[in-house]
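Starting from the structure of chain F, add chain V with the ligands where the hints point.
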Amino acid sequence: MIRCDDVTKIFRKNGSEVTSLDRFTADIGAGEFVAVRGPSGSGKTTLLLTLGGMQRPSAGLVQFSGRDLYGLSPADRAGLRSGEIGFVFQMFHLVPYLDLMGNVLLASPGKPGPAVRKRAGELLDKLGLAERVSHRPGELSAGERQRLAVARALLNRPKLILADEPTGNLDPENAAEVVRHLAEFHKTGGTVVLVTHGTTADTHADRFLHLKQGRLVAD
Amino acid sequence: MSLWSHIFGEIGFRKLNALFSLLGLTLAVTVVVASQLLAEADERETRRVTRDMGFNLRLISAETDLGQFYRDGFSRNEMDSAMLDRLATHLTNNVSFNHLVGSLRREYTINGQDILLIGLSETYVAPGQGKKPMGVVIKKGTIHIGSEVARKQKKGRNDTMHLGERQFTVANDPIETGTPDDITIFTRLEDVQSVLRLEGKINEIEAIDCLCLTADQDPLAILRKEIGNILPEVQVVQMRTLADARAKQRQTREKVNQFVLPWVLVACAVWVALLAVLNVRDRRQEIGILRALGKGGGRIAGLFLGKAALLGLMASVFGAVFGTWAVLEFGPSLFPVTKKAIQANPTLAWQMVVATPVFAAFASFIPAMLAVSHDPAETLRED
Ligand SMILES: Nc1ncnc2c1ncn2[C@@H]1O[C@H](COP(=O)(O)OP(=O)(O)OP(=O)(O)O)[C@@H](O)[C@H]1O
Ligand SMILES: [Mg+2]
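Chain order of the listed sequences is F and V. All residue numbers for the first sequence refer to this note's numbering, where the first residue is 17 and numbers rise by one. All residue numbers for the second sequence refer to this note's numbering, where the first residue is 3 and numbers rise by one.
Bound-form chain F, shown alone:
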């Protein structure tokens, strides 16, 4: 699904250099559930954004289903993100002024038709938010917000979900619930890359990547 060859990301600012990914090489197969671990600043978020086509690496090659991800035009890369990748972030990144339905439908590439609205409704139902469709994210608990973000990530039936510490702001029960939904997506054939500090993922992940100072130290 995703192949990384010597992917390196160096941030340069005021003459100082930070290498946040250092010749990262790995092959993530379709249908895998990969947990990424490492201390703070080890490059986990950088890796995830790079895999998602959101951050161009300084060197190296990222291939998505055989295509050079950063060789694509920005429009093609955006189309690929919208169609095949779902993101979930620690800070939820919901749009505060849209209701739950609006937030989920935001993922729709075009004007959402009845079929898309139906699917959004089903997802909200499945994630236990059916009663809250016309609420705004500000009126939700942290757990509910993250489930909403998961619903949004699932709307376009992506092949891959990239989740950056989605449980970081949640209590254990809510964390377990969010991971359970990711696991369910994995069971139906989806690929998951999950950055995590907790242990809830351990029961579901079938592969662990350890990063240290931008380098892959254990697979």
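Take these hints with a grain of salt, some might be off.
To be verified - Across the chosen pairs, the derived CB separations fall in these ranges:
#  : chain 1 : residue 1 : chain 2 : residue 2 : range
1  : V       : Leu21     : F       : Lys203    : 45 to 51 Å
2  : F       : His151    : V       : Asp284    : 46 to 52 Å
3  : V       : Gly300    : F       : Asp84     : 45 to 51 Å
4  : F       : Ser56     : V       : Leu21     : 30 to 36 Å
5  : V       : Ser4      : F       : Lys203    : 32 to 38 Å
6  : F       : His151    : V       : Leu267    : 39 to 45 Å
7  : V       : Gln260    : F       : Gly95     : 48 to 54 Å
8  : V       : Asp284    : F       : Ser150    : 22 to 28 Å
9  : F       : Asp84     : V       : Asp284    : 47 to 53 Å
10 : V       : Gly300    : F       : Asp21     : 14 to 20 Å
11 : V       : Asn347    : F       : His151    : 43 to 49 Å
Keep in mind that the hints were calculated from the coordinates and are not lab data. Everything numeric in this text was worked out from a predicted model, so none of it was measured. Ideal Cβ positions, reconstructed from N, Cα and C, are used throughout, including at glycine.
Just chain V with the ligands now, kept in the frame of chain F:
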């Protein structure tokens, strides 16, 4: 999620930002509408005054004794009509006078009644200025007679009258004006020239000054210099009171248009742009997630430009209504000279409806580009 419901949602959420933009845009529209309505009133009034009161510059032979001129109402010193042609060739946008009409005026006796006979040439207008010549156009073979002439001669519209050996048809309905026009017969210059056997002669050129000279410039001195350079053999008489009132008001209004208006527009554009920049800063997270969801730059620019256009549309309605109301309410006391000519202009309102969204979108263009060029990885990383 359609673009417009997205925009509406955001406006409802960040009400203050939208409200302040709306206020700025409404102010711009109000100022534009108000100054435009006053300008139109001014123009309308100038046209009316000019039509009613006629020309305010009278050019007569330099030899004319002003005592004789004011006593008789015309000069007894004839000039060559070639002088009119000479002056007409100098009519451009660079001179301070316009609308030239040559005339030949004399006392005349018709069936024992003493009248004034006036022959008028065509009107000469600076190229690209006057659409229509002012005053009446006299058709060949016709005369326009005053009410007292009509009464004594028992003549009305379509009746025939003789001047010398030539026969003319009355082309007007004589109306009493309380001026020397009541004892006047107007006809074409060449007819009066032949009746009086003064071929090729005129005794006056009427003109209008451009109303563009300020009082401290001494407009009469400027006009005398300009005309004197072309026709040294004439003297210039100006009907001052009329000219001054018109010039003064026009200048007040033009000062507003030329100085205040552009600055108000620039200030409003900057205001709207700053608010849009603040809005972009507030929405960095949102821009990041839209990028992650695969939205292109067009959609993101559309969010900001669409918002600006929508606020512009609303402002155009508020501003057009408010500006029109303000002018109708306060215009008459502020600009008494033109108060009767002040009126609303629906066409202008429609133009505002089209122009304001464009103006607002232009003002928000740089902030929108800022949003588009924003690196989403930066905001998505924030926690
Ligand atoms: N835009 C940037 N400019 C400079 N340095 C950056 C930038 N983004 C990330 N870094 C640096 O790159 C390194 C890796 O950052 P990254 O966010 O990937 O770490 P992380 O493993 O996700 O950490 P955490 O667990 O705290 O989220 C850090 O040292 C960080 O300071
Ligand atoms: Mg991180």
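Of the hints stated earlier, which fail here? Of the numbered hints, 2, 3, 4, 9, 10 do not hold.
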